[in-house]
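Student: Spelled out, the chains give:
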Amino acid sequence: MRRKVLVGLACVFAGAQAIRFEHTNPPITGELAAPPAVQRALRHACYDCHSNETSWPWSANLAPISWLVHYDVTEGRRRLNFSSWDAYASDPGTQIQKLKNLQKAMAEDDMPPWYYRLLHPDSKLSESQHKVIVRWVAEQITGTQPSQ
Amino acid sequence: MSPKTRGMVSVFAILAALALGPIVRAEDETLPVVRFHDGRFEPDELVVKAKTPFRLRVVNATQDAIEFESFELNRERVVLPGAEIVVYLPALDPGSYKFFDDFHHGAGEGTITAR
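The listed protein sequences derive, respectively, from chains A and B. Per my numbering, the very first residue in the first sequence carries number 1; after that it's consecutive. Per my numbering, the very first residue in the second sequence carries number 1001; after that it's consecutive.
Next up, chain A with everything else stripped away, as it sits in the complex:
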């Protein structure tokens, strides 16, 4: 019985490998313009999911982890993509909203997600990196007028 379960699980695992997703890094259309320290901090913790410069990990080829990685990158880019910031900037209200989302994520410390931090322990922002992003985002929000 136990052997049958193991064989069954092995079959499911092997079958799961057939469902594959392409790993793409589309062209960068217009990157967020920020001071180097802010850029470094964002790249450090956010760019794998929120840019077109994803460093695809080896686990991105192994189902079912690959499915989660694919989902996170796809959803992350759809929600906030630092590589196409120019598109947000063409509507000042959207740019502010994206900055506010970033501000909220920083305040609640819910980014990167816990499972990402688990796999990438070095992705956690240091206190100084956290501060530099928070300060810069606040300045940007204050300095940008909404187009209501």
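I should point out that these hints are in silico values taken from the structure, not numbers from a laboratory. Be aware that a few hints might be false.
[Stated by the list, open to error] Here are the simulated lysine-lysine pairs, DSSO-like style, with alpha carbons at most 30 Å apart:
#	chain 1	residue 1	chain 2	residue 2
1	B	Lys1098	A	Lys100
2	A	Lys124	A	Lys104
3	B	Lys1098	A	Lys104
4	A	Lys100	A	Lys124
5	B	Lys1051	B	Lys1098
6	A	Lys131	A	Lys104
For this one, chain A is given, so just place chain B on it according to the hints.
Tutor: Chain B in isolation, oriented as in the chain A frame:
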């Protein structure tokens, strides 16, 4: 520029802004509009001219805040209850672009079709 001249220029600028304000407002009223009410956008399909930048008025006629969002158009804007916003959109290639209310996922979606 003397202080007196500077003062006159400032007064003129304020008067001009006050005079032009209503004109800009009136211009906004001629923009294409989508209105959110009863859990859906109306119209749910808006046809615009392709390859031409445009502005879109989004009116929230409900008692709850909504979030006008489109992944395809890279737009995300909160619209307070009873308020309206103007969204700047770039020249679009011919095609259809979905938008939705990200605060109410069961709500109806809308489409902007560029022709």
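Student: For every hint, state whether the structure bears it out.
Tutor: The hints, checked one at a time:
{"no.": "1", "hint": "Lys1098/B <-> Lys100/A", "result": "23 Å, holds"}
{"no.": "2", "hint": "Lys124/A <-> Lys104/A", "result": "16 Å, holds"}
{"no.": "3", "hint": "Lys1098/B <-> Lys104/A", "result": "26 Å, holds"}
{"no.": "4", "hint": "Lys100/A <-> Lys124/A", "result": "20 Å, holds"}
{"no.": "5", "hint": "Lys1051/B <-> Lys1098/B", "result": "17 Å, holds"}
{"no.": "6", "hint": "Lys131/A <-> Lys104/A", "result": "13 Å, holds"}
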